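Residue numbers (the numbering used here), protein chains in the order written: chain X, 1 to 391; chain B, 1 to 569.
Among these hints, one or two may not hold up.
[As the list claims (entries may be wrong)] Computed list of chain X residues with no C-beta within reach of chain B, every gap over 10 Å:
1) 113
2) 251
3) 255
4) 278
5) 289
6) 329
7) 331
[Claimed, not checked] FRET-style restraints, in silico, Cβ to Cβ:
8) X:244 to B:135: 40 to 50 Å
9) X:220 to B:186: 28 to 38 Å
10) B:135 to X:224: 24 to 34 Å
11) B:123 to X:244: 36 to 46 Å
12) B:136 to X:237: 19 to 29 Å
13) X:221 to B:69: 35 to 45 Å
14) X:237 to B:385: 47 to 57 Å
15) X:123 to B:385: 46 to 56 Å
16) X:350 to B:385: 50 to 60 Å
Hints in this document: simulated from the structure, not taken from any laboratory. Small disclaimer: the values here were computed from a predicted structure and weren't measured. Quick reminder that beta carbons are idealized off the backbone N, C-alpha and C, glycines included.
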Amino acid sequence: MTRSTGPARPHRALRAPEATRTNALPAGAWWLWALGLATAASRTTNPLLLGLLVGVAGYVVAARRTDAPWARSYGAFVKLGLFVVGVRLVFSVVLGSPVPGTHLLLTLPELPLPGWAQGIRIGGRVTAEQVVFAVYDGAKLATLLICVGAANSLADPARLLKSLPGALYEAGVAVVVAMTFAPHLVADVLRLRTARRLRGRPTGGIGAVLRIGLPVIEGALERSVAVAASMDARGYGRTAPVPPAVRHTTAVLTLGGLLGVCVGTYGLLAARGALYGLPLLLAGLAAALAGLRLGGRRSVRTRYRPDRWGARAWLVAGSGVAVAAAMIRAAGVDPGALHPGVVPLTAPVLPLWPAAAVLVGLLPAAVAPVPAAPSLPPSTPAPTSASEETT
Amino acid sequence: MIRFEQVSVQYEGAARRTLSGVDLTVPEGELVLVVGPSGVGKSTLLNAVSGLVPHFTGGLLTGRVTVDGRDTRTHRPRELADLVGTVGQDPLSHFVTDTVEDELAYGMESLGLAPDVMRRRVEETLDLLGLAGLRDRPISTLSGGQQQRVAIGSVLTPHPKVLVLDEPTSALDPAAAEDVLAVLQRLVHDLGTTVLMAEHRLERVVQYADQVLLLPSPGAAPVMGTPADVMALSPVRPPVVALGRLAGWEPLPLSVRDARRRAGDLRERLAGTEPPAREPSAGALAPLPAPAAARPGLLGRLFGRRPAAAEPVPADGVVARTEGLGVRRGRVEALRGVTLSVAPGEIVALMGRNGAGKSTLLTALVGMVEPATGSVLVGGLQPSRTPPRTMVRRVGLVPQEPRDLLYAETVAAECAAADADAGVPAGRCRALAGELLPGVPDGIHPRDLSEGQRLALALAVVLTAQPPLLLLDEPTRGLDYAAKARLVGVLRRLAAEGRAVVLATHDVELAAELAHRVVILADGEVVADGPTRQVVVSSPAFAPQTAKILAPQGWLTVGQVRDALEVPA
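Chain B with its partners taken away, still in its complex shape (with noise of 0.2 Å):
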């Protein structure tokens, strides 16, 4: 259905290929997952298929790429329409129309098709992907996985041979993703469509997988291959072929069922063993930065108000407490009585599905959204109420899009802005940036950073002036397994030092990993608070796979394992 015939791909201005000599087929009818670390060129490789790139990218494409037959070289991405549907990473950007079912018909509309045909197969992919009930909706009001299945859907509609969808489930809440996956077989197994798909979320998806296509490093060779041989030597893994190659299971195990079948032994040996406990390094709380006395503006000096003087730190070494907090949002209610404290050195994990209020309590923490019940106390001070001069020295929040943290045009500038910003001697962010993204170049600009790369940057910029509490909402979309490594070493790191870590999360894999509790949201209340292998083990949600291979048995993570194996031994 698809052929690659020694395809290479140069960007324009780039200094190497991002493809190279990429031969393969894809036969019709199967599912075929894109493996790789971040940068590899997969989007390139996905994009290749629509014939966007190099129609709308720009770039070079020498080989030959045929969908179907027809040759991307003479046949641009809107003469393929009808036979490739493409959903990138962002949904949003997708969206032409605004509602939900006009934005099915969009593509229908384009290539022509009779009214009734029309309408008999957007009533079908209503019906396909359970959006019936949204049929009105504007499309801004969907939540993420609603959004991701419209995307879908859109393109679903014209009934095309082949389904390119880059990261689909990146974005979304453990239960949306299945959702979206769920559709995908549908489709895969009822309609014969050819899926090829990249994510790095290889846990939720490599299960459904019929083939994977692995791009090792930029520029290699890709390998093509059923799901256990290429992820025998595939650098990225999820947990549960981690696990495998641990035991020695062969052949390797792709899903939890797979591998509970074969985890009998595995779980004798570890019968004897406790799970290590894990507690935060209570008591090694850093010092407070001494506040170099926040100035008041000029307003501020106008009006006599006096500089903030340097408060103490609450008696109880609590970084932050809410109290029955409730935030709204025009009549919705966001957050409805949260009660919730957070000490020094504890990582927190928020979880729990799209529109929990995860994100809102976040932003309560750091005084954007004013609480319309209850109390927030961040370092003492009400967050809502101080200026975010002073703030900032108490709690520094990475946004989902780290981009957003970031408006110079260098990193360079970027570091001296965010010393200035937290009124510290110059030098402080960019050696902390050395440390969290060696080898970046100052000149470079933030835009041309990987995902994890910005994350780092964006981190070292809120580090920058040492706030003991540090929030991060969603951090771990867009990463692939190194750099998500990578985080979680320095969170713990930091949390180590004493500083308080919440993290607002959909991996539950990085949860298990990381946090020291987990609080689980739904629909604005906390309907679960406790030390993570409590809360996790015995969800179905929210359990990371090495939870659900040897429950009873209370394992997180494949390095727990690793560790009890290796300790006998």
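Isolated chain X, as found in the complex (with noise of 0.2 Å):
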């Protein structure tokens, strides 16, 4: 649609631009704009609705996804979504379900339970009603699993990190690290296969697992001492200077912090507690967060050309918001039509406006920099043949 020719050139201009790192989303938006539509598939179970949260993901998905190796995961998180809707409709059918109904289904036969087991049933009546509550109920917890998967597509995991606090960077590091070491593995798996191939033996099996198991530890050690070695000679851990004063209040701050935040959980939590739960929670929290930015100061990184939260970021995260905050508000003016009744079975209709509101969020779909053509064929060699050829 942004590709579009014709009558809609005078609107060139609005267009949305070829995706460089300058323009490229923070991952922050993709993931606000997803948790905004995740939302939104909790406060319903109306099919219609859940179909079309499902649809807008999708799409937006298919629009504005690169062709980096995360922005595959769209596919399993759909097909985790249709498994899920899977087991759920399987445990109703077996082990029953407290809807109670009318239309019979089938019976499957009961297995006899012992007098202890009372209130467990496996087989029995299965009724159209606790069918089709099933599938509501999966319908909702797979359409929260693709709309994570969305972000998960859309938005690079290395950048999310990126955008941790300075205090926290070290433990980003140690993450980042270990998600390039994966790819790692698999292709020092491969290697060792094929090398047990030109020994004679055959590749398959748990004994030929367990043989390649060892070299391929070893080898995942030597290699991260190597990168621990690069990253210490490249300055990793270089710290500033801190003078004590602010050394102590950051200690302080940060364990004072946490100390609320756990007295506050409790007080919250607890029976009587509620008044003075929230102010201390509240408290705790902010000092916790001082004693970060506090930390943050020991360490002398700086960040190469960080994201940066413009008009279209806004626009995406903003669509994400508010198809949620449409959604919630739609709960409380009209649940029925959110929540199709299951006993007596009603065919469920499209609630208007918020299936309108829901529509906002294909927002990103038009106004997200556009990912640019990749400029060599896709299919580059992946790293286990290019580490074939070169190392």
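Reassemble the complex: the two chains are provided individually, in unrelated frames, and hints are given to aid placement.
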């Protein structure tokens, strides 16, 4: 729709630009958008609305995802969602359901259970009501998963970690290094499997896996030592001198803040503490955040080309928030339309204005920068073959 | 800029010192090349400059190493990071981030440079190293030469005064190596960076060096001097120097250009003689080992698979043949219409740039990839359809990383496993290993062997099944000249026994020394296939130094010239 030519031409200046590093959307914007959709999904069991949400997420992913490895995760999440629906359905059919129903679909042979297992039923009557209820419920969960999958395939996980506050930077690096390790491990396993073949041994079977395991772990260890050496030699972990007063303040703020959070949470959950719970929790959070911020002073790091929140990022994040807000409002005004009746069975109706609100979630497909066409054939030799040729 | 004062290093558990009594000064803005046989402590010397020895590796360092006045005893590697940039042997284990641009910025981020400075330097470095087109690419999709350039760029951005490089060109094809070296020269000339570099492939780098630091043997005192002086007494030397010594040129030439200018008289002396033709010793095919009929596995027996009968050797005396072979990896056509045949006793060198399909062709010959089009026949069998146990008696491949082939804890256990794999009487592999690497104790762990010894062990393991076709992928990587000479001897003997050898290599000198035939691949297609001399002499990238010096005469190696000069005398 953004590539339309013809009468839409006068609006060319408004069309989404091609994505470069400068105008790339911050990972946080995509996550806010996706979490907004997920929140909306959690407020309804109307299959039509859920379907609409999945459609919106899928369309945006199709329009704006890149060729990066993480971008392929969307399909996996869709499959996971379908699996969840299936599992929910099977459990409902086999274990029965508290939903009363009159439309008998079939009767499974019921497993007689001893007296102490009262309340548990295996097999027995399967009614249309309980099946529909299970499908609605499963669909809600599946939609949540698919929204998360959409964020996963649109946002670069490494860039998300980069937006961590300075004091948590080290934890972020550890995760990034671990993530780049996974493909190396896969490449190692492939290489060793082929090496087994070269020695005339079968490459399948449990024995082969065990045999390969040890060298793979050895290789991973050696590589982590090499990466650690490289990071050390490139200045990882350099610290700035910090006056003792600041250091102590940091420690007090962080510890005190965490303590406040603990006590505050306890107060909130305990029966009578609601009065002091919330203020204490908030004060604790504030102190902990201040501690983190102050702790960041110890690190001398700077950030190279951090993500910028421009108008497009706000629009993307805002569209997700708008969908969530509209759906929460709709759940308050007209709960019946968002939760179509199961007993008695009724056909779900598409509530008009919540549906229109969900369509706001399509905004990113128009405003987010378009990923550049791949400059090289899509399947550049995967890490495995690259390392075969070059290492 | 760099000062070593009476430096000795001894690693924990090592019987003797790795370095002892090193006393030297590297002035600012010089390119110093560290040479010496394997295992003399070149890497240790380099890592002592960046402080990784002893802070990271452990061991005991006595004496003092100072870099620009900073003592490495009191400064940890991270505190030298703004001063020394280090790139190790394997660029892949150097990378911390996943894209080129982030990698270039990583070091500066750690040092806390201002964002606008970082941005400017990244752009400058992208241009300096010719990486601008790759800035957003994931590092794992780059070729070896590109990765090496990214690794160098990533340590350049903090503007270090000293650059330390361990074998920067060993894994690269000739063209990529020249790219990297051109960059280094630019750094030295334009930015005044001090470069300390270790490299086995002297023929590529010695001409760029201002000084050469020779570590003659483990623990011996190092010699430092101008390249010409040091090369005169070095046990390791590139062909151009060897030829200069043979012809008695004074001072020794270091580059092909210098040598060509002086080579007029040598060319005249050689004018009357023809370079010897190199022919495979045909017909000397060793009898195929009676295949101890591969027993089918349990599943095979269940499904009534019959033991593979001993296949006849193909009548036309060809060990392996590919016909219009095409291989695809994903959507990339790694090989296209490759037609090739290998005769017994023949040594074929596969050459071409990184990613041209050399490794893929070798893996297709052992049956690890299925041909998409065309056919592969090795010893009359289709490798990808034949069980591995049968295939090992037809063809053996020594992979790029020989260590992949070795699993066992000790050399002896490795050999016993190889005998079992190949179904031959116990002891054959150990005997072979004894021939190929004499003096290696049984109990040693394969990881503790040197590169050359490990290659020899892998070779012994592969040869245990006595395959008539032997494939080697980049065998000379990390080998010094002595280990290379041993390898050449072994491969010649194998060929003389009637085995066919196919090696994929970037090492033009090795191909010139050894190959009967050279096949050049580009983008998965065969672009040249013929006798070594014809293919190699005319090519600027693939000609060995001797051929370049003595062109248009077709001499390939110093050995040939020496023989020719001695005959009339």
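Status of the hints after comparison with the structure:
Remark: the non-interface label on residue 113 (chain X) is consistent with the geometry, its nearest Cβ contact in chain B lying 42 Å away (cut-off 10 Å). At roughly 23 Å from the closest C-beta of chain B, the C-beta of residue 251 (chain X) stays outside 10 Å, upholding its exclusion from the interface. Once the 10 Å rule is applied to beta carbons, residue 255 (chain X) is consistent with being away from chain B; the minimum gap is 27 Å. For residue 278 (chain X), the shortest C-beta to C-beta distance to chain B comes to about 39 Å, beyond the 10 Å cut-off, and the non-interface label holds.
With a least beta-carbon separation of about 22 Å from chain B, residue 289 (chain X) lies farther than 10 Å from that chain, consistent with its non-interface assignment. For residue 329 (chain X), the condition that its CB be more than 10 Å from all CB atoms of chain B holds, with the nearest at approximately 41 Å. Every CB of chain B is more than 10 Å from the CB of residue 331 (chain X) (nearest about 41 Å), matching its label as outside the interface. At about 43 Å, the beta-carbon gap between residue 244 (chain X) and residue 135 (chain B) stays in the expected band of 40 to 50 Å.
For residue 220 (chain X) paired with residue 186 (chain B), a C-beta distance near 37 Å keeps the hint of 28 to 38 Å intact. For the pair residue 135 (chain B) and residue 224 (chain X), the beta carbons lie near 27 Å from each other, so the given range of 24 to 34 Å is met. Taking 36 to 46 Å as the suggested C-beta distance range, the pair residue 123 (chain B) and residue 244 (chain X) conforms, at roughly 40 Å. For residue 136 (chain B) paired with residue 237 (chain X), a C-beta distance near 28 Å keeps the hint of 19 to 29 Å intact.
Between residue 221 (chain X) and residue 69 (chain B) the Cβ separation comes to about 36 Å, which falls inside the hinted range of 35 to 45 Å. For residue 237 (chain X) and residue 385 (chain B), the Cβ-Cβ distance of about 53 Å falls inside the hinted range of 47 to 57 Å, so the restraint holds. Separation of residue 123 (chain X) from residue 385 (chain B) is about 49 Å and conforms to the stated range, judged on CB atoms against 46 to 56 Å. Separation of residue 350 (chain X) from residue 385 (chain B) is about 57 Å and conforms to the stated range, judged on CB atoms against 50 to 60 Å.
When each numbered hint is compared with the structure, no violation occurs for any of them.
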